Amino acid sequence: MSKLAFIFPGQGSQTVGMGKEFFDNYAIAKKMFKEADDALGYSIMDMCFNGPAEDLKLTANTQPAILTISVIAAAILKEHGIIPEITGGHSLGEYSALVVAGAMKFSDAVYLVNRRGTYMQEAVPVGEGGMAAVIGLDRDKIIAVCDQVTKNTSLVQAVNFNCPGQVVIAGTTAGVNTAVEKLKQTGAKKCVNLPVSAPFHSKLMEPAAKKLAVELDKIMIKDAQIPVVTNVTGKALIKADDIKESLIKQAASPVKWEDCIQTMQKAGIQTFVEAGPGKVLCGFNRRIDKTITSLNVENMDSLQKTLDYLQEVR
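In case it helps, numbering that gives the first Met the number 0 puts the sequence shown at residues 0 to 313.
A hint or two may mislead.
Here are the computed distance ranges between Cβ atoms for each label pair [unchecked claim]:
no. : residue 1 : residue 2 : range
1   : Lys150    : Glu53     : 34 to 40 Å
2   : Asp45     : Thr292    : 32 to 38 Å
3   : Tyr41     : Gly135    : 38 to 44 Å
4   : Asn49     : Gly186    : 44 to 50 Å
5   : Asp216    : Ser42     : 24 to 30 Å
6   : Gln310    : Tyr41     : 34 to 40 Å
7   : Val213    : Gly135    : 37 to 43 Å
8   : Lys30     : Lys189    : 42 to 48 Å
9   : Gly186    : Asp222    : 41 to 47 Å
10  : Asp216    : Lys188    : 30 to 36 Å
11  : Pro124    : Glu311    : 47 to 53 Å
Here are the simulated DSSO-like pairs of lysine-lysine, each with C-alpha atoms no more than 30 Å apart in a straight line [what the hints assert, rightly or not]:
no. : residue 1 : residue 2
12  : Lys56     : Lys238
13  : Lys104    : Lys217
14  : Lys278    : Lys304
15  : Lys209    : Lys221
16  : Lys33     : Lys19
17  : Lys238    : Lys248
18  : Lys278    : Lys234
19  : Lys183    : Lys238
20  : Lys188    : Lys202
21  : Lys278    : Lys104
22  : Lys188    : Lys217
23  : Lys221    : Lys29
24  : Lys234    : Lys255
25  : Lys238    : Lys104
26  : Lys265    : Lys140
27  : Lys150    : Lys217
28  : Lys304    : Lys202
29  : Lys248    : Lys140
30  : Lys150    : Lys209
31  : Lys189    : Lys209
32  : Lys289    : Lys2
33  : Lys243    : Lys30
34  : Lys181    : Lys140
Don't read these hints as lab results, they were simulated from the structure. As the structure is a prediction and not an experimental result, all values here were calculated from the model. Glycine included, every Cβ here is placed at the ideal spot set by N, Cα and C.
Generate the whole structure from the sequences, applying the supplied hints.
Shown next, in the form of structure tokens:
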């Protein structure tokens, strides 16, 4: 069997009803939903299954909800004997990766990402910051335009290097709007303003990173049992101190996702399983390298398809 990685989605993949099929079919899902509810002091399970969507969309709820579904999906795969050799996650997904790699307790991660979501939302008042996806323009040109706008207008920077031809920018509302116009003039095929409530992963998130550092001091982070590829550098980490330092920086640093996937490929990974809601990362993978195999596990149907494929190639 080819070498296997688990990858975990970030914010934006949530849907009402997610995780219900796992709950109905697996005892491990029931156990972990209860653990998540206990860690939060309210029922994230009820919110995942029943919504309302407006509540599930709130950053402080979205983050623990997606993490819970993602880690449950990985636990179910493990019950079927599917174990990754390396792991990584996009933004919030990095916490899921750390739990699965044994570096962090599930209940601690659920609590942490709830706090992370709250602190990120508090860092910039609603309406004063934004994000936009830039399609079809080289990353160096995007960085140059953002640097120019930051110098002349207001802060904006490239924050998500997702795949060739898709980079997300974030910053003040004025900075993002000005950059979008200039990027179109520079040759971007399309710029799409994202329906998010804060400029995630920009320097404006530094207050959130400082508060998160205080929370991280309260929990135990251990050496990972398998390598975790981190967003800040795109490199694989094992040591607890390195992981903690990277997590503190992560909230206010760009997500180098394309680099993360390339690092895993260099480690010999040919098959990627996206564990958690949606197939966003599978889509990025197709843009990064069409030759790699991308599977996903978000419900019983996708689980069965993934298990069937992996059993065939063993």
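Now the hints, each set against the structure:
no. : hint                        : verdict
1   : Lys150 x Glu53: 34 to 40 Å  : holds (38 Å)
2   : Asp45 x Thr292: 32 to 38 Å  : holds (36 Å)
3   : Tyr41 x Gly135: 38 to 44 Å  : holds (42 Å)
4   : Asn49 x Gly186: 44 to 50 Å  : holds (45 Å)
5   : Asp216 x Ser42: 24 to 30 Å  : holds (28 Å)
6   : Gln310 x Tyr41: 34 to 40 Å  : holds (39 Å)
7   : Val213 x Gly135: 37 to 43 Å : holds (41 Å)
8   : Lys30 x Lys189: 42 to 48 Å  : holds (44 Å)
9   : Gly186 x Asp222: 41 to 47 Å : holds (45 Å)
10  : Asp216 x Lys188: 30 to 36 Å : violated (44 Å)
11  : Pro124 x Glu311: 47 to 53 Å : holds (52 Å)
12  : Lys56 x Lys238              : violated (33 Å)
13  : Lys104 x Lys217             : holds (12 Å)
14  : Lys278 x Lys304             : holds (14 Å)
15  : Lys209 x Lys221             : holds (21 Å)
16  : Lys33 x Lys19               : holds (13 Å)
17  : Lys238 x Lys248             : holds (16 Å)
18  : Lys278 x Lys234             : holds (23 Å)
19  : Lys183 x Lys238             : violated (43 Å)
20  : Lys188 x Lys202             : holds (26 Å)
21  : Lys278 x Lys104             : holds (25 Å)
22  : Lys188 x Lys217             : violated (46 Å)
23  : Lys221 x Lys29              : holds (26 Å)
24  : Lys234 x Lys255             : holds (10 Å)
25  : Lys238 x Lys104             : holds (16 Å)
26  : Lys265 x Lys140             : holds (27 Å)
27  : Lys150 x Lys217             : violated (38 Å)
28  : Lys304 x Lys202             : violated (41 Å)
29  : Lys248 x Lys140             : holds (25 Å)
30  : Lys150 x Lys209             : holds (25 Å)
31  : Lys189 x Lys209             : violated (34 Å)
32  : Lys289 x Lys2               : holds (17 Å)
33  : Lys243 x Lys30              : holds (27 Å)
34  : Lys181 x Lys140             : holds (11 Å)
Figure legend: structure checked against the earlier numbered hints; hints not met, in rising order: 10, 12, 19, 22, 27, 28, 31.
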